[in-house]
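S.K.: Letter by letter, the chains look like this.
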Amino acid sequence: MHHMERRTLVTMTAIVRNQWYVAAYGREVSRELFSRTICGEPILFWRTEGGEVTAMSDRCVHRRFPLSQSPSRLVDDTVVCGYHGFTYGADGVCVAVPGQKRVPRTARLTSYSVVEQDSFVWVWIADPERPGTADPSTIPRARWLDSPDWDAVSGVEHIDCNYGLLVDNLLDLSHETYLHGGYIGTPEVAETPITTEVDDDAGIVYVSRHMDDAQCPPFYSKSTGVQGRITRWQDIEYTPPCLYLLHSRIAPVGAALPADDGTDTEAFHTEIVYAITPETEHSTHDFWCVARDFARGDDEVSTFLAENNRTVVMQDVVALDVLQKALDAEKAGYQELSINIDAGGLAARRILAAMAAPAPVPVS
Amino acid sequence: MHHMERRTLVTMTAIVRNQWYVAAYGREVSRELFSRTICGEPILFWRTEGGEVTAMSDRCVHRRFPLSQSPSRLVDDTVVCGYHGFTYGADGVCVAVPGQKRVPRTARLTSYSVVEQDSFVWVWIADPERPGTADPSTIPRARWLDSPDWDAVSGVEHIDCNYGLLVDNLLDLSHETYLHGGYIGTPEVAETPITTEVDDDAGIVYVSRHMDDAQCPPFYSKSTGVQGRITRWQDIEYTPPCLYLLHSRIAPVGAALPADDGTDTEAFHTEIVYAITPETEHSTHDFWCVARDFARGDDEVSTFLAENNRTVVMQDVVALDVLQKALDAEKAGYQELSINIDAGGLAARRILAAMAAPAPVPVS
Amino acid sequence: MHHMERRTLVTMTAIVRNQWYVAAYGREVSRELFSRTICGEPILFWRTEGGEVTAMSDRCVHRRFPLSQSPSRLVDDTVVCGYHGFTYGADGVCVAVPGQKRVPRTARLTSYSVVEQDSFVWVWIADPERPGTADPSTIPRARWLDSPDWDAVSGVEHIDCNYGLLVDNLLDLSHETYLHGGYIGTPEVAETPITTEVDDDAGIVYVSRHMDDAQCPPFYSKSTGVQGRITRWQDIEYTPPCLYLLHSRIAPVGAALPADDGTDTEAFHTEIVYAITPETEHSTHDFWCVARDFARGDDEVSTFLAENNRTVVMQDVVALDVLQKALDAEKAGYQELSINIDAGGLAARRILAAMAAPAPVPVS
Numbered sequence: 001m002h003h004m005e006r007r008t009l010v011t012m013t014a015i016v017r018n019q020w021y022v023a024a025y026g027r028e029v030s031r032e033l034f035s036r037t038i039c040g041e042p043i044l045f046w047r048t049e050g051g052e053v054t055a056m057s058d059r060c061v062h063r064r065f066p067l068s069q070s071p072s073r074l075v076d077d078t079v080v081c082g083y084h085g086f087t088y089g090a091d092g093v094c095v096a097v098p099g100q101k102r103v104p105r106t107a108r109l110t111s112y113s114v115v116e117q118d119s120f121v122w123v124w125i126a127d128p129e130r131p132g133t134a135d136p137s138t139i140p141r142a143r144w145l146d147s148p149d150w151d152a153v154s155g156v157e158h159i160d161c162n163y164g165l166l167v168d169n170l171l172d173l174s175h176e177t178y179l180h181g182g183y184i185g186t187p188e189v190a191e192t193p194i195t196t197e198v199d200d201d202a203g204i205v206y207v208s209r210h211m212d213d214a215q216c217p218p219f220y221s222k223s224t225g226v227q228g229r230i231t232r233w234q235d236i237e238y239t240p241p242c243l244y245l246l247h248s249r250i251a252p253v254g255a256a257l258p259a260d261d262g263t264d265t266e267a268f269h270t271e272i273v274y275a276i277t278p279e280t281e282h283s284t285h286d287f288w289c290v291a292r293d294f295a296r297g298d299d300e301v302s303t304f305l306a307e308n309n310r311t312v313v314m315q316d317v318v319a320l321d322v323l324q325k326a327l328d329a330e331k332a333g334y335q336e337l338s339i340n341i342d343a344g345g346l347a348a349r350r351i352l353a354a355m356a357a358p359a360p361v362p363v364s
Numbered sequence: 001m002h003h004m005e006r007r008t009l010v011t012m013t014a015i016v017r018n019q020w021y022v023a024a025y026g027r028e029v030s031r032e033l034f035s036r037t038i039c040g041e042p043i044l045f046w047r048t049e050g051g052e053v054t055a056m057s058d059r060c061v062h063r064r065f066p067l068s069q070s071p072s073r074l075v076d077d078t079v080v081c082g083y084h085g086f087t088y089g090a091d092g093v094c095v096a097v098p099g100q101k102r103v104p105r106t107a108r109l110t111s112y113s114v115v116e117q118d119s120f121v122w123v124w125i126a127d128p129e130r131p132g133t134a135d136p137s138t139i140p141r142a143r144w145l146d147s148p149d150w151d152a153v154s155g156v157e158h159i160d161c162n163y164g165l166l167v168d169n170l171l172d173l174s175h176e177t178y179l180h181g182g183y184i185g186t187p188e189v190a191e192t193p194i195t196t197e198v199d200d201d202a203g204i205v206y207v208s209r210h211m212d213d214a215q216c217p218p219f220y221s222k223s224t225g226v227q228g229r230i231t232r233w234q235d236i237e238y239t240p241p242c243l244y245l246l247h248s249r250i251a252p253v254g255a256a257l258p259a260d261d262g263t264d265t266e267a268f269h270t271e272i273v274y275a276i277t278p279e280t281e282h283s284t285h286d287f288w289c290v291a292r293d294f295a296r297g298d299d300e301v302s303t304f305l306a307e308n309n310r311t312v313v314m315q316d317v318v319a320l321d322v323l324q325k326a327l328d329a330e331k332a333g334y335q336e337l338s339i340n341i342d343a344g345g346l347a348a349r350r351i352l353a354a355m356a357a358p359a360p361v362p363v364s
Numbered sequence: 001m002h003h004m005e006r007r008t009l010v011t012m013t014a015i016v017r018n019q020w021y022v023a024a025y026g027r028e029v030s031r032e033l034f035s036r037t038i039c040g041e042p043i044l045f046w047r048t049e050g051g052e053v054t055a056m057s058d059r060c061v062h063r064r065f066p067l068s069q070s071p072s073r074l075v076d077d078t079v080v081c082g083y084h085g086f087t088y089g090a091d092g093v094c095v096a097v098p099g100q101k102r103v104p105r106t107a108r109l110t111s112y113s114v115v116e117q118d119s120f121v122w123v124w125i126a127d128p129e130r131p132g133t134a135d136p137s138t139i140p141r142a143r144w145l146d147s148p149d150w151d152a153v154s155g156v157e158h159i160d161c162n163y164g165l166l167v168d169n170l171l172d173l174s175h176e177t178y179l180h181g182g183y184i185g186t187p188e189v190a191e192t193p194i195t196t197e198v199d200d201d202a203g204i205v206y207v208s209r210h211m212d213d214a215q216c217p218p219f220y221s222k223s224t225g226v227q228g229r230i231t232r233w234q235d236i237e238y239t240p241p242c243l244y245l246l247h248s249r250i251a252p253v254g255a256a257l258p259a260d261d262g263t264d265t266e267a268f269h270t271e272i273v274y275a276i277t278p279e280t281e282h283s284t285h286d287f288w289c290v291a292r293d294f295a296r297g298d299d300e301v302s303t304f305l306a307e308n309n310r311t312v313v314m315q316d317v318v319a320l321d322v323l324q325k326a327l328d329a330e331k332a333g334y335q336e337l338s339i340n341i342d343a344g345g346l347a348a349r350r351i352l353a354a355m356a357a358p359a360p361v362p363v364s
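So the protein sequences, as listed, match chains L, G and A.
Residue numbering for the first sequence follows the UniProt record's numbering, starting at 1 and increasing by one per position.
Residue numbering for the second sequence follows the UniProt record's numbering, starting at 1 and increasing by one per position.
Residue numbering for the third sequence follows the UniProt record's numbering, starting at 1 and increasing by one per position.
Next up, chain L with everything else stripped away, as it sits in the complex (with noise of 0.2 Å):
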């Protein structure tokens, strides 16, 4: 087996640009005005009388106050600024002003676009160097999200650091043993080596950990009834920058493998999902989901896996927390070791950086 072993110095992951984000869940925007901050834009959501769900720069363009801001409010379909009245439309146009009937023609918050899918709300963050097209037949899918044959508990958490920090978290499983222990780390996820492949034409990041003989972690002994050793597969499967699946397959020991058609009926299957979405060059929304294909309709189970998973999750936040202040303190020139188990997030910041990067000028 070949071992990696590279040293490189430790830079902030880019932003990158011309790109679906998840925003929030389609629960959390409603006729009441909702701001989040994405990719360092702060924008207004709200759902029209239609039931439309609309983003808008969050500042007036008179002042720049935020129109998230009391006494700011939604009148019918329009959003009246708190600070001096300005009004818009659910396009974002201005239609009124004070003190005079005219409305200036060149007032207009910028509008995004957005797509309400698989239970979130994206929303194209463009480049406005280098204008691109928002095509929602881009967004990549999670149909578990809001599929009647799935059942499924999500959240979201906020954590301070630059978001090429989430993206390693979760490219390499291994931590699960030291950070997660007892609760979904068991000895075999850091002993067992990964698979890596990288689709460089679809611009996905598969990361393999097949464990034949594994301890069953709480996360999945309690929620599925199985005792004894499991037969564990770790499935991974990013696309940048925000999409990250990760199909868990759980059996007893000497269950079958799953058919070629597809049907696996001795296994349980849990698809976990993360939507790594930057606020800021310097913090990240971590949106969390767990879907399941058992114990179907069974609240406890759904409330066990939302809150023992909130427990894993924060337990990353606390880590990426420390780990940023840790890095913002170091001296310039500092390095990291990478070995064999970072091979998918060494991966996934290589397709970052080409995606943050200036397209090259073409040769004539």
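Hints in this document: simulated from the structure, not taken from any laboratory.
Remember, it's a predicted structure, so these values are computed and weren't measured experimentally.
Keep in mind that the hints are not guaranteed to be accurate.
Since the list gives no way to pick one copy over another, a pair counts as held whenever it fits inside one copy or between any two copies.
Claimed, not checked - Derived SDA-like pairs: lysine to any residue, alpha-carbon spacing no greater than 25 Å straight-line:
1) Lys101 with Leu352
2) Lys222 with Asn340
3) Lys331 with Leu33
4) Lys101 with Gly89
5) Lys101 with Ala256
6) Lys222 with Ile204
7) Lys331 with Glu41
8) Lys101 with Asp212
9) Lys101 with Gly181
10) Lys101 with Met4
11) Lys331 with Val318
Dock chains G and A against chain L, hints included.
M.R.: Okay, now just chains G and A, sitting in the frame of chain L:
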């Protein structure tokens, strides 16, 4: 009617020097050491045994310990530094040091010219690069605050914003309708056009809004007892950088206009005074006062006006704290859009910028 | 008598490298992971099963996770990183990594030379640009702290200031009269001139103040039982950068002087020791100790001296926190004024500046 529509880069308003600023109310300065930072300069205030206000640098010449910091203390008409005992007279000259009899010649604190007038303590903030003259006769007046013919209430709040944002706020009262609705704002304020005049010789900005038939907001109906609709005049007179006067006249619709000799017996007059004093480039002291010529001696009205106006001021404080944070997080090069209501604010900014600029070199 | 009067720019004291620093008391280091930042370097301390103190970088070589951060943990004589399980021996060499058998050659933590002596854990802070030799015999001694002939109390506080401010503070005890009045200060401390000597070869600053007839402050009257006026000697011996000794001798006025052979039976001796250790350029560890040769074994006196001295130290901490904030807010180019009492502090600064400067290139 001409409509202004102007896009400008948002810039921070520079602090103007060689100017008088309100540093405190006279009542705030006593035989206790009192420190306040004015235009970035930490200043120590105290009253001599004879009752005079003194102002000197709040930093000991020895090791720069703050003289306002316990256990520093006043002994007769001297201040004793709480660190090593350097002792200063009311003129800032050092009169004793530890361990030796001889006091160094150069041991003296910067001393500030102060004038106590109209309930305020005014302090002269010099420009070390272009020395000017601290002429007390140039201090603008607000006689209502300390007059036997008027009843006044007042206070001071702290805002985490550049003082230019407060100038903007006060020069454009259309925000009363939105930010202060239910207190001092009614629809007519935002609806009624303003007239703006600038006296470039005197360096004063006037903004007037006369409403012939308007709702009476609670601030006035509860203090005057007027029921029904009113004539409401708002006449702003701003003497940059520090003193802002709002001459307010309300009267029941149909009441007599002021006579040619100025008598105006059927109206209620309120003189609303703000002193706008930069603490630093990024923070502001907001002195607010309300003087009236009605309900004289009525403590209930005094209490109501003090509480109501403080509520209004705190609405501004919250909004401007939020606004400054929003501006600080903006990328470079963002713009704002000005319309008719902003004529006064833009004139004020122009005057402030001219005052802050170096004087042109005279051509021989 | 010559009077010094010197104006100097205030500058931050640079950290000196290739030096031994007190990092902890021996009692602070156990089988729990213990982290402290010394001269900007986060260092992990723990004791081996054999009882030896070890010191290594508190950052995992893999992703720079702090090894002191839970769930990192000690297993026998190895530290296991709580993020991905990199495991290190007491010499900082990595002995295990996840997912592979082979440990990378270069996986080792920076290891620090440590010496446990006089109750302290001393650590060598190297200068990476100019390698020096960590010679334990050059560590200055404070034998009273760990001697059967003395009783000692001690503690450590954190100050948000450059360590130069604490050096200044301790070299000029005239501040006792003002900042510590009622505890250790009396009028005579500030009034009595000092003598200052510098041993440039040994690199030691001596400052002495002998008061022949002084009030006895509570610190000494309550611990010794002496009533009435005293002879009080303060003999400072500062070995830059870290170790400060205050040899304190008090005796009732009229008591015999020390004999020629050094015996001094009519006096009370207190050895007050400070270790001044930069945490960063902007913060300082203030280790304080009080050893005495009287009231031996008297727990009440021990408790009194520990509480009283900690109160005094906290008065310094509050003052220096405030002073550093004041200095940080100053405009560039501000000055301080030094007089006779500052001779020791200025000598210390001069030595520290020379130690921090690059060695001159030898002329061939």
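S.K.: None of the hints should be skipped; say for each whether it holds.
M.R.: Hint-by-hint comparison with the structure:
In the homo-oligomer, the alpha carbons of Lys101 and Leu352 never lie at most 25 Å apart, since the shortest distance is 48 Å inside one protomer and 30 Å across protomers. Proximity of Lys222 to Asn340 under the C-alpha cut-off of 25 Å is found in neither arrangement, the shortest distances being 32 Å within a copy and 66 Å between copies. Proximity of Lys331 and Leu33 under a CA criterion of 25 Å is satisfied inter-copy only: 23 Å between copies versus 42 Å inside one chain copy. Taking the closest pair of Cα atoms, Lys101 and Gly89 come within 25 Å of each other only inside a single copy of the chain (16 Å); across copies the shortest separation is 62 Å, beyond that limit.
When the C-alpha separation of Lys101 and Ala256 is checked against a cutoff of 25 Å, the pair qualifies neither within a copy, at 74 Å, nor between copies, at 31 Å. In the homo-oligomer, the alpha carbons of Lys222 and Ile204 never lie at most 25 Å apart, since the shortest distance is 32 Å inside one protomer and 68 Å across protomers. Proximity of Lys331 and Glu41 under a CA criterion of 25 Å is satisfied inter-copy only: 9 Å between copies versus 30 Å inside one chain copy. In this assembly of identical chains, the alpha carbons of Lys101 and Asp212 lie at most 25 Å apart only when taken from different copies (19 Å versus 73 Å within one copy).
For a Cα distance limit of 25 Å, the shortest separation of Lys101 from Gly181 across copies, 21 Å, qualifies, whereas the shortest one inside one copy, 65 Å, does not. Taking CA atoms no more than 25 Å apart as the test, Lys101 paired with Met4 passes between copies only; the shortest distance there is 12 Å, against 69 Å inside one copy. Only within a single protomer do Lys331 and Val318 lie at most 25 Å apart by alpha-carbon distance; the minimum there is 22 Å, versus 29 Å between protomers.
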